[in-house]
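Given the structure of chain A, go ahead and fit chain B onto it with the hints provided.
Chains as they are written, first to last, in our numbering: chain A, 9 to 139; chain B, 9 to 139.
Simulated from the structure, these hints should not be mistaken for laboratory data. Heads up, some of the hints might be wrong.
Copies of the same chain look alike in the list, so a pair counts if it fits in one copy or across any two.
[Stated by the list, open to error] BS3-like cross-link-like pairs, simulated, lysine-lysine; straight-line CA separation at most 25 angstroms:
1. K23 to K68
2. K68 to K104
3. K104 to K121
Every value quoted in this text rests on a predicted model; they were computed, and no experiment measured them.
There are 2 protein chains.
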Amino acid sequence: MLITDMGFVSGQELKIRAKPSDDCNSFSINIGHDADNIALHFNPRFDLNGVTDTIVINCKSGGSWGEEQREENFPFTCGEESKFYINYNMECFYIKLPDGSMIDFPNRLGDVKYDYFRVDGMAQFIGFKMQ
Amino acid sequence: MLITDMGFVSGQELKIRAKPSDDCNSFSINIGHDADNIALHFNPRFDLNGVTDTIVINCKSGGSWGEEQREENFPFTCGEESKFYINYNMECFYIKLPDGSMIDFPNRLGDVKYDYFRVDGMAQFIGFKMQ
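This is chain A alone, in the form it adopts within the complex (with noise of 0.2 angstroms):
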């Protein structure tokens, strides 16, 4: 799911539905300007090149991934529906998982609005809410 003029602005909130297949891998939400430029690239691995059951966090400026992050808390599981939700500010993004618990990333693009919004991998986009 490619979305190209989102209008995610600094203080709003965004909800996520995300459904991984009974058999994913790996999904991920994409967050930025366009493919070569993603302040938040969110990358929950149930099982990906020796990766298991880890969030791995990111961000891509011209093309070039920054320094990964790594969580461990991985409240994910296969074939079930998850909410979790992203707010940000000028300085970090802060995502609320689907147990309640938060995680931050720093927000090292800097911008306040971001356009670019891209769901990939083994997971069906339900939907969201932004507010």
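Same frame as chain A, but now just chain B:
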């Protein structure tokens, strides 16, 4: 808001949340294959080109508009969030309006999967849920 790989298939229900602006004259939801091939153009007009408080529904095929359908039941209010629901099959679209009433419109393109989804006009697109 433009989504180019929506994957909205016959039998699914699409719930849409949109908030017409305080001075909204018109907004539209467009579902189809591309800008020239729209199976459902759903266009609540508060006050546009002499048409007031009317839902205009149409389709576009190969760049040409079809025959318009007009509904005078108009359960939309400027500045207030609206929820409505769209279902369809090969023959027909079924739209449940914010007041719970139903309208239908022929699925003249006759397809069972539409990837193009666009919201135009003076409304904030708050979100959707597709299941």
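How the hints compare with the structure:
Taking identical chains as interchangeable, the C-alpha atoms of K23 and K68 lie at most 25 angstroms apart only when both belong to the same chain, with a minimum of 22 angstroms there against 33 angstroms between chains. Taking the shortest alpha-carbon separations for K68 and K104, only the intra-copy value of 22 angstroms comes in at or below 25 angstroms, while the best inter-copy value is 41 angstroms. In this assembly of identical chains, the alpha carbons of K104 and K121 lie at most 25 angstroms apart only when taken from the same copy (20 angstroms versus 33 angstroms across copies).
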